[in-house]
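Visitor: In my numbering, the protein residues as written are 566 to 930.
The set of hints was computed from the structure by calculation and includes no laboratory data. Any given hint could be a false lead.
Said to hold, decoys possible - Distance condition first, Cα-Cα at most 35 Å in a straight line; then the derived DSBU-like pairs of lysine-lysine:
| # | residue 1 | residue 2 |
| --- | --- | --- |
| 1 | K691 | K796 |
| 2 | K661 | K779 |
| 3 | K612 | K779 |
What the hints assert, rightly or not - FRET-style restraints, in silico, Cβ to Cβ:
| # | residue 1 | residue 2 | range |
| --- | --- | --- | --- |
| 4 | I631 | S742 | 19 to 27 Å |
| 5 | V652 | R865 | 30 to 38 Å |
| 6 | S656 | H574 | 39 to 47 Å |
| 7 | K694 | N772 | 54 to 62 Å |
| 8 | L658 | L891 | 38 to 46 Å |
| 9 | H574 | F722 | 12 to 20 Å |
| 10 | N762 | S656 | 25 to 33 Å |
| 11 | L816 | V652 | 40 to 48 Å |
| 12 | S647 | H906 | 55 to 63 Å |
| 13 | N687 | V792 | 16 to 24 Å |
| 14 | H771 | P660 | 20 to 28 Å |
| 15 | H906 | H771 | 46 to 54 Å |
| 16 | N603 | D807 | 25 to 33 Å |
| 17 | D635 | E804 | 58 to 66 Å |
Glycine included, every Cβ here is placed at the ideal spot set by N, Cα and C.
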Amino acid sequence: MQRKTFNLHKNRSLIKPMVAVTTTVYIVSVFGPFFSDNSNNGASILKHIMINNYDDILQWVEENDIIILDRGFRDSLGVLKSIGIDVAMPSFLGPKQNQSDVQDANNSRFVTILRWVVESVNARIKRFKWFNQVIPNSSLPSVQDFICIVAALLNCFHVSMVTPSPNDDETIRRMNSLRTQNNTLQIFITGYNLTRNSICNVIDIHNLVQRFPKLSMFNLRMITLGVYQLKRARSYAEEHADSIDLTDSNLEFPIQSCIDTNAHDIIRIRFQSAHKKSSQYYTYIQFDPNQILAWYCRCRIGPTVVECCSHVAAGIWFLGYERHQLETNQQPSSTNFANLHYCDSISDYEDSSDEDNDAKYSSTR
């Protein structure tokens, strides 16, 4: 029992229920719970559910229905396709591939813009105190009943996560029109070899060749197609500017301008990766005084044109929106940053004065 419930990823004993959710956030069915060892990953559980027809799932799932999954379910694709079910899943990087191509990045966004409801439903279930704590073994026989009760309560009484908006039709139209388009800025930059550092100069944000457009929050959301990138934008901008007061008129926000005469409307920003200290991503933004024309980033999903990545969002958000605000709206994590200390890397290297000892010691962080 202990071995089969021990999850190496979480490093603790767990059980796994599987929740089937519609794109309208309605919980259709709850399967399990299952063991959580290596033999019971998401793909294995889904194949087991389908083959054994849990809850008569094959009766209410029709041929050519589309199931939206994340990448962890890739090993279940064969079984699903064999019974006539189509699958939508974010794309994978190929061997020695560091960045998705434009079409894969665009198609992945069509999946993630729908699949977020699954994570939101899981979060709502965990808001019930009983599911947000360690469950005693004596309660295991009742876990499925409790989850079904919670699912019924959420379906009946909880406020809907998806609220219709007058802008939905425009968003869908825009996404469909951009889905098959190439990233023209990426083609231009790579075609003219504008990624070279020798043709880029660091300039002040007040000395741009042309004025960066002032944007509204609506304009930003039409570019990002959601709030996730905008939530990440502040942390990227604050690290890049080395300040939490982004409305300071004397703030230094390093940007680079291309000296090529055909690229005067393109700026480049080098953002530090939020996950790896050794990784940095160059972000390119093309604009005129009225609008953002194009963008491209060297990160994994940087070529997408349906939306933009968090690095592009950070640059556009700061230059076109945040620096024009009268008062900055700091995140809690930003204010806590000032309460933590970062030690400098100081070498303790010095020559030994002992002639009989040729060893030299150095201590670095």
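Visitor: All hints are to be evaluated individually against the structure, with a verdict given for each.
Guide: Results for each hint:
1. K691 <-> K796: Holds, because 22 Å separates the two Cα atoms, which is no more than 35 Å.
2. K661 <-> K779: Violated, at about 39 Å.
3. K612 <-> K779: violated, 51 Å
4. I631 <-> S742: 19 to 27 Å: holds, 21 Å
5. V652 <-> R865: 30 to 38 Å: violated, 21 Å
6. S656 <-> H574: 39 to 47 Å: Because 23 Å falls outside the window, the suggested range is violated.
7. K694 <-> N772: 54 to 62 Å: holds, 56 Å
8. L658 <-> L891: 38 to 46 Å: holds, 43 Å
9. H574 <-> F722: 12 to 20 Å: violated, 33 Å
10. N762 <-> S656: 25 to 33 Å: holds, 30 Å
11. L816 <-> V652: 40 to 48 Å: Taking Cβ atoms as reference, L816 and V652 lie about 47 Å apart, which means the hint holds.
12. S647 <-> H906: 55 to 63 Å: At 58 Å between Cβs, range holds.
13. N687 <-> V792: 16 to 24 Å: holds, 19 Å
14. H771 <-> P660: 20 to 28 Å: For P660 against H771, whose Cβ atoms are near 45 Å apart, the range 20 to 28 Å is violated.
15. H906 <-> H771: 46 to 54 Å: Check failed, 33 Å falls outside 46 to 54 Å.
16. N603 <-> D807: 25 to 33 Å: Violated: the Cβ-Cβ distance is about 43 Å, outside 25 to 33 Å.
17. D635 <-> E804: 58 to 66 Å: With a Cβ separation near 28 Å, D635 and E804 fall outside 58 to 66 Å, so the hint is violated.
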